[in-house]
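**Q** With chain A's structure known, arrange chain B on it following the hints.
There are 2 protein chains.
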Amino acid sequence: MPELRKDPIIGRWVIISTERSRRPSAFQSVSRPLEAAQCPFCPGNEAATPPEVRAYRAPNSEPNGPGWTLRVISNKYPALMIEGTLNRAPDGIYDRMNGVGAHEVIIETPVHDQDMAEMSVAQIRDVLWVYRERMTDLQRDTRFEYILIFKNHGEAAGASLEHSHSQLIATPIVPKRVHEELQGARRYYEFRERCIYCDIIRQELVQKERLVSDHDAFLVMEPFASRFPFETWILPKTHQGHFLNMSDADYDTLARCMKDTLMRLKLALNNPPYNYILHTRPCSSEYRGQYHWHIEIIPKLTKVAGFEWGTGFYINPTPPEEAAAFLRSIDVDSMPSEGKREPV
Amino acid sequence: MPELRKDPIIGRWVIISTERSRRPSAFQSVSRPLEAAQCPFCPGNEAATPPEVRAYRAPNSEPNGPGWTLRVISNKYPALMIEGTLNRAPDGIYDRMNGVGAHEVIIETPVHDQDMAEMSVAQIRDVLWVYRERMTDLQRDTRFEYILIFKNHGEAAGASLEHSHSQLIATPIVPKRVHEELQGARRYYEFRERCIYCDIIRQELVQKERLVSDHDAFLVMEPFASRFPFETWILPKTHQGHFLNMSDADYDTLARCMKDTLMRLKLALNNPPYNYILHTRPCSSEYRGQYHWHIEIIPKLTKVAGFEWGTGFYINPTPPEEAAAFLRSIDVDSMPSEGKREPV
Chain A
0 MPELRKDPII GRWVIISTER SRRPSAFQSV SRPLEAAQCP FCPGNEAATP
50 PEVRAYRAPN SEPNGPGWTL RVISNKYPAL MIEGTLNRAP DGIYDRMNGV
100 GAHEVIIETP VHDQDMAEMS VAQIRDVLWV YRERMTDLQR DTRFEYILIF
150 KNHGEAAGAS LEHSHSQLIA TPIVPKRVHE ELQGARRYYE FRERCIYCDI
200 IRQELVQKER LVSDHDAFLV MEPFASRFPF ETWILPKTHQ GHFLNMSDAD
250 YDTLARCMKD TLMRLKLALN NPPYNYILHT RPCSSEYRGQ YHWHIEIIPK
300 LTKVAGFEWG TGFYINPTPP EEAAAFLRSI DVDSMPSEGK REPV
Chain B
0 MPELRKDPII GRWVIISTER SRRPSAFQSV SRPLEAAQCP FCPGNEAATP
50 PEVRAYRAPN SEPNGPGWTL RVISNKYPAL MIEGTLNRAP DGIYDRMNGV
100 GAHEVIIETP VHDQDMAEMS VAQIRDVLWV YRERMTDLQR DTRFEYILIF
150 KNHGEAAGAS LEHSHSQLIA TPIVPKRVHE ELQGARRYYE FRERCIYCDI
200 IRQELVQKER LVSDHDAFLV MEPFASRFPF ETWILPKTHQ GHFLNMSDAD
250 YDTLARCMKD TLMRLKLALN NPPYNYILHT RPCSSEYRGQ YHWHIEIIPK
300 LTKVAGFEWG TGFYINPTPP EEAAAFLRSI DVDSMPSEGK REPV
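If you read the protein sequences in the order shown, they are chains A and B. Residue numbers are given in numbering that gives the first Met the number 0: position 84 of the first sequence equals residue 83, and the series is strictly consecutive. Residue numbers are given in numbering that gives the first Met the number 0: position 17 of the second sequence equals residue 16, and the series is strictly consecutive.
Honestly, the hints are just simulated from the structure, not real lab data. These figures come from a predicted structure and were not determined experimentally. Check the hints yourself; a few may be wrong.
Copies of the same chain look alike in the list, so a pair counts if it fits in one copy or across any two.
Said to hold, decoys possible - Only pairs whose alpha carbons sit at most 30 Å apart, straight line, appear in this in silico DSSO-like list of lysine-lysine:
no., residue 1, residue 2
1, K75, K236
2, K5, K207
3, K236, K5
4, K75, K207
5, K302, K75
6, K236, K207
7, K75, K5
8, K175, K302
9, K75, K175
10, K302, K5
11, K207, K302
12, K5, K175
Chain A extracted, bound-state conformation:
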């Protein structure tokens, strides 16, 4: 059973993951990309994964066999385990908690080497739709305070399997980073009686220099205090606290917007490793109205080093205004907009 441990000084929780336990010698091995035939996320290899929690599949196909276009499974090496009741206990000055939670993997495509920028808008919409389904389902479990959805693309961004997938982790506590954003948004609201993200959008639409693209209901921009070169945010233009507040009609628009943005980054930076993270408010309704959901995309181009670890500050060698200008200049329309292309 994994264990959650709390840093007694700054209150940060850490998951000590026994399921993924690695001996010192394991850190010296080098990972090799898997061929499709050995890939547990490829059609025909369904038996190599835990049973599916949800799948979008052909009407006559059987669960846990081929015929799917999208598949959600429990993580084989979960950071947190779904069974058990929450149990917090002190250990002298320290706090620990058993690692109850959910850890699911969303296999986004049956095609082994198709990345999200290459997927069709309909495929990306299905991914967003299944995020909604899984969040809605897991929110009913009162043990979970937060549901995080994220994607690691490329080995340098932490992806252990190449086959395109995202992950969902439901946690029994509101994560520190989310708590900080909620606090900041609330402080601003108390002071100005407006949503801080809405005010940021208003200012960016006037200043324009950090905008990447505008997709009706969604805005793509480089944030003013970007931590990383080409850090990119996608925000709904109207106030929506939770990802689940998005209207059905907007799923198509967001899918188009994500495809366009990921393709711009791919072309601008030669298929960079990246993480994207869905930032939304916690499950509990007490946070209603104090947040504005958005997606943060962070290409992995620089290394986080001693300065960043020591300060919590970041050194970013590319002004967001330059990154935005460069991303605007990419000619996405000349690219085949649907279907698979060879990796660059």
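**A** This is chain B only, laid out in the frame that chain A set:
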């Protein structure tokens, strides 16, 4: 001039570093290790660096020429610039500040491929001693609120030059991470009227399972809520708020302790990339008594991915108790204790 920008939501500052400005194409290049002949940190190449701020050198040698054993220079590509007065300005909802600060490099050895674990105790003591000298000097500058000392070892840990060096950055604001630790330590002090680090040391000395080694005035341990496999802390056993509170006699002990610890990590993990960071209290005396300085060493064995960026939590696959047991089992005494050896 670099610019400091504040994230309006969570208040984190970012340095937009124009001196290090990188065009998108620059992120695609691969760095190659330099030979000693081309290395700007090697004796004979002093002209390739800014003039030295301080050096330990042979009595008859000239500044900025060979004959030194340790050399401190300004960073050629500084994240912050020493000239100018502080100037904060709003930009609508945003805050910016000109990037005033100091950024120095401590070249720890004249030998190109000698890492710190291989240095003599006397050499490491000199490095610690020059940290003290530079901190004492820069603390007089009232523009600076904090002085951070850190080391990046290995390319994966962010070292851009292989030749062993550490860095010092003086910042015009107390960094977010330092502020969090100070707040946590103060909260605990207000509640229990004791230093939290002193209480941690007391508990670790009783529980023993996370101890690595004991060096009279210093304790080496794996923290209870380790973020990373083999994260290792070195703490003075008695209460000392600031690194500068250390007695002269303890410099030798700390140098021995650091050599022993870095050698254990090197042997256990096959010369891993790592960062170490000196955590000490800010310059201002208002923080007196609320902190306990220490050194945090973080080997770079795992990748920080979407989960960590999204939550501020960490997933650590190696329990600190296992890491401590493994580090204790390393036979450091059988190794040549002084002088250079070939890299493992």
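**Q** Indicate, hint by hint, whether the structure satisfies it.
**A** Evaluated hints:
Taking the closest pair of Cα atoms, K75 and K236 never come within 30 Å of each other, the shortest separation being 37 Å inside a single copy and 43 Å across copies. For the identical chains of this complex, K5 and K207 are inter-copy neighbours only, at 19 Å across copies versus 42 Å inside a copy, given an alpha-carbon limit of 30 Å. When the C-alpha separation of K236 and K5 is checked against a cutoff of 30 Å, the pair qualifies only between copies, where the shortest distance is 22 Å, while the shortest distance within a copy is 37 Å. Taking the closest pair of Cα atoms, K75 and K207 never come within 30 Å of each other, the shortest separation being 45 Å inside a single copy and 34 Å across copies.
For a Cα distance limit of 30 Å, the shortest separation of K302 from K75 qualifies both inside one copy, at 29 Å, and across copies, at 19 Å. When the C-alpha separation of K236 and K207 is checked against a cutoff of 30 Å, the pair qualifies only within one copy, where the shortest distance is 14 Å, while the shortest distance between copies is 54 Å. For the homomeric pair K75 and K5, the shortest alpha-carbon distance inside one copy (25 Å) is at most 30 Å, but the shortest distance between copies (40 Å) is not. In this assembly of identical chains, the alpha carbons of K175 and K302 lie at most 30 Å apart whether taken from the same copy (22 Å) or from different copies (19 Å).
With identical chains, the CA atoms of K75 and K175 are at most 30 Å apart within one copy only, with a shortest distance of 26 Å there and 36 Å across copies. Taking the shortest alpha-carbon separations for K302 and K5, both the intra-copy value of 26 Å and the inter-copy value of 21 Å come in at or below 30 Å. Proximity of K207 and K302 under a CA criterion of 30 Å is satisfied intra-copy only: 29 Å inside one chain copy versus 35 Å between copies. Taking identical chains as interchangeable, the C-alpha atoms of K5 and K175 lie at most 30 Å apart whether they share a chain (11 Å) or sit on different chains (19 Å).
Consistency note: the structure conflicts with the earlier hints numbered 1 and 4.
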